[in-house]
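K.L.:
In the order they appear, the protein sequences are chains A and B. With our numbering applied, the first sequence covers 1 to 311. With our numbering applied, the second sequence covers 1 to 311.
These are calculated hints, taken from the structure and not from any lab test. Small disclaimer: the values here were computed from a predicted structure and weren't measured. Just to be clear, a hint being listed does not mean it is correct.
Put simply, identical chains are the same to the list, so a pair is met inside one copy or across any two.
Capping the alpha-carbon separation at 20 Å, the derived lysine to any residue pairs in SDA-like fashion look like this [stated by the list, open to error]:
| no. | residue 1 | residue 2 |
| --- | --- | --- |
| 1 | Lys125 | Gly18 |
| 2 | Lys300 | Thr105 |
| 3 | Lys256 | Ile82 |
| 4 | Lys33 | Gly246 |
| 5 | Lys180 | Pro238 |
Number of protein chains: 2
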Amino acid sequence: MPKMPVPFGDDVSACEIGGDKLVVLKTDMLVDKTDVPRGMNLWQAARKAVVMNVSDFAAKGVKPIAMLVSLGIPRSLRQSDIEELGDGLNAGAREYGAYVIGGDTGEASDLVINLSVFGMTTKDKLMLRSGAKPRDILAVTGPFGKPPAGLKILVDNFKASTEIEKTLVQSVLMPHARLKEGLALSQTAAVSAAIDSSDGLAWSLHEIARASKVGVLISSLPIAKDAARFAKNNKLDPSALALYGGEEYELILAVKPRLWGKAEKAVKIAGGKLLKIGETTAEKNVLMETSGKHVLIAPKGYEHFKTLTSF
Amino acid sequence: MPKMPVPFGDDVSACEIGGDKLVVLKTDMLVDKTDVPRGMNLWQAARKAVVMNVSDFAAKGVKPIAMLVSLGIPRSLRQSDIEELGDGLNAGAREYGAYVIGGDTGEASDLVINLSVFGMTTKDKLMLRSGAKPRDILAVTGPFGKPPAGLKILVDNFKASTEIEKTLVQSVLMPHARLKEGLALSQTAAVSAAIDSSDGLAWSLHEIARASKVGVLISSLPIAKDAARFAKNNKLDPSALALYGGEEYELILAVKPRLWGKAEKAVKIAGGKLLKIGETTAEKNVLMETSGKHVLIAPKGYEHFKTLTSF
């Protein structure tokens with residue numbers, strides 16, 4: 001086995017190719033019945049497959065260069081459906097400056113969209129899950145809760161006012177990967193650990209804690225305004241929505257305190273923002289401060305929905 | 001779009017990464033219901049997914065370095081089944097000196113094994129489908145017919161004597177990619193065009209003709225002895241079996257006549273052999289010489305079987 005610059009279980013894999021250069025690779029399989037919610041069309045599903053992969057590259061601070069696509073196509077799909085998938089894949093790739101350079105198609109019972117993404121970086125630029133030290137600052141690239149609320153509307157028939165519903169549903173149908181932020185941060189050497197939040201904030205915090213052998217104390221949980229309102233109107237706990245929902249594509253970062261200013265500035269120049277949410281701790285618990293008390297954040301991940309899709 | 005060192009539709013994709021270096025990428029999706037014949041166990045199916053991909057690398061003369069695996073797993077599979085898949089993937093990778101470095105799993109209705117393979121080469125070493133000139137020598141790395149005969153036994157209930165049946169079935173269950181041969185040939189600069197034969201010899205000859213803008217004249221069709229005997233006993237046309245069967249993993253090569261000796265020697269040193277089967281022609285037909293007459297080889301590809309598998 002060659003030396004692994006990225007440990008098993010991180011978001012991407014990598015190979016050394018001489019000097020400090022790394023080839024970064026990632027594969028991710030989207031299956032309609034678990035990854036495509038009701039109300040998402042084929043163009044959006046294909047684009048989402050791209051965003052899922054780009055988000056992992058963003059978390060590692062690596063620019064995706066090229067993608068290969070394998071499509072498993074059910075017999076029920078028409079030629080126009082397949083073209084819609086192709087358009088969504090290309091649109092997603094172009095949004096993030098990457099190209100679809102090849103692929104494979106075959107027949108399958110489910111619609112399966114498998115993407116393989118290739119990028120390059122150097123060892124010193126790669127952000128892993130495993131480098132955080134106690135008392136690093138924990139930060140995120142945006143507030144949480146909108147996609148989980150949107151999923152509750154799409155999948156579980158929850159209700160919201162027309163305007164809020166539109167915003168929340170749109171956050172599920174048209175997710176965005178924080179690539180600009182990840183690439184900017186990878187240039188600063190300020191980030192000690194990074195992960196995206198596609199499996200939910202709670203799960204990602206536990207992952208950083210596990211991989212870096214630290215604890216986590218969340219002092220401020222940023223919840224999107226529309227998500228908070230949705231939670232209130234539906235008698236849901238807004239913190240639970242933000243912590244245990246999934247399909248979020250914010251980055252979660254541990255930042256070296258002395259380089260916080262540099263990190264914040266780099267993300268601002270890239271057009272984004274960094275929100276402090278807490279810090280890493282020597283004691284290995286994953287905690288949140290609520291009304292002056294420390295409560296455990298459960299190691300719960302986002303469970304993919306089992307509902308059948310609309311096509 | 002960046003410049004494409006390998007045109008769309010060739011066996012692999014590639015990206016320039018500076019100098020004359022290329023990153024070579026390939027993705028291929030195996031779906032049990034069309035790619036896994038009755039009688040093939042999960043270990044063999046997983047290993048076969050590796051061989052399919054390695055064979056394409058072999059045809060391009062590129063060493064596979066690392067693989068990513070996405071598994072779509074039906075609920076009916078047990079933990080031990082999944083371990084069997086993992087063992088088959090690792091066994092296949094190790095046979096060809098590559099490593100599985102990451103992947104993804106999810107739930108799917110079919111068993112889906114998607115492999116993404118990464119390798120590196122330089123522009124001058126890469127063998128494409130498109131470089132053949134008229135009067136190049138056409139050669140293959142072994143005789144044809146055994147896997148198509150084996151498939152007829154496994155899928156269509158054809159019969160053969162116990163010993164021949166074992167050989168023919170084994171050629172389907174345990175295919176081998178001609179990687180040593182492909183790598184040796186890529187060092188000679190003797191090969192003007194190359195392709196593997198997983199979709200059948202006839203289809204591959206048409207592909208070389210199309211991509212290289214030449215014709216093909218086959219003067220000698222090497223048919224495996226056991227396949228010829230199987231054909232005779234079952235009143236099948238042995239040439240049709242060799243031409244239009246699939247799941248073959250021999251390489252088909254156009255070789256510059258003045259470098260034939262060099263190519264032959266390189267393959268011999270690698271432990272293989274090169275069999276002359278004909279030549280490329282200026283006239284753009286794909287023909288075979290039979291009893292002194294030139295007959296057209298139909299542009300027929302191997303059709304994946306639709307029979308349900310045993311698991």
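K.L.:
Determine for every hint whether it applies to the structure shown.
P.N.:
Hint check:
1. Lys125 <-> Gly18: both (15 Å within a copy, 19 Å between copies)
2. Lys300 <-> Thr105: between (35 Å within a copy, 18 Å between copies)
3. Lys256 <-> Ile82: Answer is neither: 46 Å inside a copy and 41 Å across each miss the 20 Å cutoff.
4. Lys33 <-> Gly246: within (16 Å within a copy, 32 Å between copies)
5. Lys180 <-> Pro238: This pair counts as neither: shortest intra-copy Cα distance 28 Å, inter-copy 60 Å.
Taken one by one, the earlier hints fail for this structure at numbers 3, 5, listed in ascending order.
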